[in-house]
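Asker: Put together the whole structure using the sequences plus the hints.
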Amino acid sequence: MLAMTAIVALRYLAASGVFAMLTQRVRPGYHSRLGPQIRREIGWSLASAAIYGIPAGLVAWGWQEHGWTRIYIAWDSWPLWYLPLAPLLYLFAHDTWFYWTHRLMHRPRWFRSMHAVHHASRPPTAWAAMSFHPWEALTGAVVIPALVFIIPIHVAMLGLVLLVMTVMGVTNHMGWEMFPRALVHSKLSSWLITASHHQRHHEEYRCNYGLYFRFWDRLCGTDRGLSPNA
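Heads up, the sequence shown is in my numbering, so the first residue is 1 and it goes up one at a time.
Hints in this document: simulated from the structure, not taken from any laboratory. Just so it is clear, CB atoms sit at the ideal spot from N, CA and C, and this is done for glycine as well. Hints may be right or wrong, so weigh each one.
Beta-carbon label-pair distances, calculated as ranges [unchecked claim]:
| no. | residue 1 | residue 2 | range |
| --- | --- | --- | --- |
| 1 | Ser186 | Arg33 | 33 to 43 Å |
| 2 | Met1 | Ile73 | 17 to 27 Å |
| 3 | Pro228 | Leu188 | 12 to 22 Å |
| 4 | Arg70 | Leu10 | 25 to 35 Å |
Answerer: See below:
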C-alpha cells in the first residue's frame with residue numbers, strides 16, 4: 001500500500017510539476033500571488049494520493065499473488081483488435097461514473113461538504129488535478145480498481161489508461177489551452193474535453209461536468225461550450 005501511494009504521489013508531482021513549469025514559461029505571472037493556493041492544492045493532492053494508493057495496492061497484490069483481476073500479460077490472450085478497445089471502454093466507464101458523481105457533488109449540501117475543496121482553486125492550476133476532499137478522492141479512487149475485475153485489459157493498455165487519466169487531469173486544470181486552436185475547435189474536439197471546456201466549469205459551476213468526453217454533457221444538456229478565457 002505504501003509503495004503504491006508513493007508511486008501515485010510521485011506521478012502527481014512529476015506530471016503537475018512539468019505542466020506547472022510549462023505554464024510559467026508560456027504564461028509568465030500566471031501563478032503570481034497563488035503561492036498559498038498552490039500549497040493547499042499540493043497538500044490536498046498528496047492526501048488524495050494516499051487514498052488512491054490503497055485500492056491500487058490491493059489490486060496489484062490481488063493480481064500478482066492470486067490472479068483475481070482480469071489484467072493479462074500475454075498479447076495473444078485476447079484478439080489483437082481488442083487491445084485498443086479496452087482502454088476506450090475503461091475511459092468511457094470512468095467518464096460516465098465521473099459525470100454523474102460530479103453532478104451529484106454540485107448539489108448544495110454535497111458541494112459544501114466535499115467539492116468546495118476542489119473549487120477553492122481560483123483560478124485552477126496544474127497542481128489542482130488531485131486537489132480533492134478525502135470523500136471526493138474516494139469516489140475517484142475506486143473506479144479503475146473496480147473495472148479491472150470486470151473488463152479484461154492488457155497491462156500495457158492499463159498503463160495507457162493511467163497515462164491518459166494523469167495527463168488530462170493535469171492539462172484540463174492548467175487554466176489555459178495548450179492545444180492548437182485548430183484542434184480545439186475541430187469536429188474531433190467537439191467530443192473531447194480540454195482546458196477550454198473544463199475552465200468553463202470552474203467559471204460557471206453548473207455545466208461541463210465530464211472528465212474525458214463531452215458525450216454526457218451534450219446528451220444531458222449541460223454542455224456550455226468553451227471558455228473564452230482559457
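Asker: So which of the earlier hints does this model not fit?
Answerer: none
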